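> Each chain, written out:
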Amino acid sequence: MNGLPASIAQSDIWYALPLIVAISLAYAATRHERMRPIFGHALRAGLWIGAFMAIIFAVLKILTWMAA
Amino acid sequence: MSDQTTHIRVDLKDPVLAAFLAWLVPGLGHFYQGRLAKGALFFITILGTFITGVYLGGNNELGWGRVVYTSWREGDKRLPFLCQIGVGLPCMPALIQANRVRSQKTPLWNGFMAPPVPEGQQQPGQPTLNRLNKELHRFFELGTVYTMVAGLLNVLAIYDAFSGPVIVEPRRKEPDEEDEAQNEADPKPDEKPANTPGATT
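If you read the protein sequences in the order shown, they are chains B and P.
According to this note's numbering, the first sequence is numbered sequentially starting from 1.
According to this note's numbering, the second sequence is numbered sequentially starting from 1001.
Since the hints were made in silico from the structure, they are not lab data.
On a predicted model such as this, the values are computed, not experimentally measured, just so you know.
Heads up, a few of these hints could be off.
What the hints assert, rightly or not - Calculated lysine to any residue pairs in the SDA-like style (CA-CA distance at most 20 Å, straight line): (1) P:LYS1013 <-> B:ARG34; (2) P:LYS1077 <-> P:ASN1060; (3) P:LYS1105 <-> P:LEU1129; (4) P:LYS1134 <-> P:TYR1055; (5) P:LYS1077 <-> P:VAL1010; (6) P:LYS1105 <-> P:LEU1082; (7) P:LYS1077 <-> P:GLU1061; (8) P:LYS1134 <-> B:THR30; (9) P:LYS1013 <-> B:THR30.
Said to hold, decoys possible - A few chain B residues that don't get close to chain P, going by computed Cβ distances all over 12 Å: (10) ILE23; (11) PRO37; (12) LEU43; (13) TRP48; (14) GLY50; (15) PHE57; (16) ALA68.
Where is the CB? At the ideal position from N, CA and C, for every residue including glycine.
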């Protein structure tokens, strides 16, 4: 199982992190007017995007192992 | 009732002008409307993303911002620019550079946002598209994605400047509030239809 953390650490997937933050904030800002709800909505949206990406990542990783 | 659930009205002033300003510089339309915090938020997030993409898509040797350029010649139709132009004024150097290259002039600013030269027409200091991809590796794509996302995010900001924030669903009432609502025949003054423009939670 050492392959998974290593592949994450070396992956370009970290470049997605600033994008997730920016997209979450801009998306949430179009839904609210005040900062507090914006940040709350952005946090939820960011976690949702991260979780979705993690699931897709895991599925693809499992498929890769199965194919090897 | 808590502050978060109070509906507020947003003065959009001239929405068309605000939308144009929002396209010109991310957040500028909101500054014009006096929505300073949101203006700052859009300015930082969108321009930050764009500048990061410009940084990723270049280097000292090739010139910076080589992922933001416009080209419609055969073999290099730069469709990502249609998304990047959403950022507005920060993309203008790309148009200037494309115009200069079309006029057979040398690009300015060390090739900043200049289109690559076609294969077989290599000029000193002017990289081809192949060379950009070879030397920037994956950062050519990463920079392209960052700048495209910035342009598309600014479309959301333009919409927000034009028509105000989208309404989210009203929060669920607490049990005691439901009891109060049953006792009152008339709706509460702060309850508005979900699509009322300019109001938000």
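> The structure should be examined with respect to each hint, and the outcome stated for every one.
Taking the hints in turn, this is what the structure says about them:
| no. | hint | in the structure |
| --- | --- | --- |
| 1 | P:LYS1013 <-> B:ARG34 | 18 Å, holds |
| 2 | P:LYS1077 <-> P:ASN1060 | 25 Å, violated |
| 3 | P:LYS1105 <-> P:LEU1129 | 18 Å, holds |
| 4 | P:LYS1134 <-> P:TYR1055 | 17 Å, holds |
| 5 | P:LYS1077 <-> P:VAL1010 | 41 Å, violated |
| 6 | P:LYS1105 <-> P:LEU1082 | 24 Å, violated |
| 7 | P:LYS1077 <-> P:GLU1061 | 24 Å, violated |
| 8 | P:LYS1134 <-> B:THR30 | 39 Å, violated |
| 9 | P:LYS1013 <-> B:THR30 | 17 Å, holds |
| 10 | ILE23 | 7 Å, violated |
| 11 | PRO37 | 6 Å, violated |
| 12 | LEU43 | 14 Å, holds |
| 13 | TRP48 | 15 Å, holds |
| 14 | GLY50 | 16 Å, holds |
| 15 | PHE57 | 17 Å, holds |
| 16 | ALA68 | 23 Å, holds |
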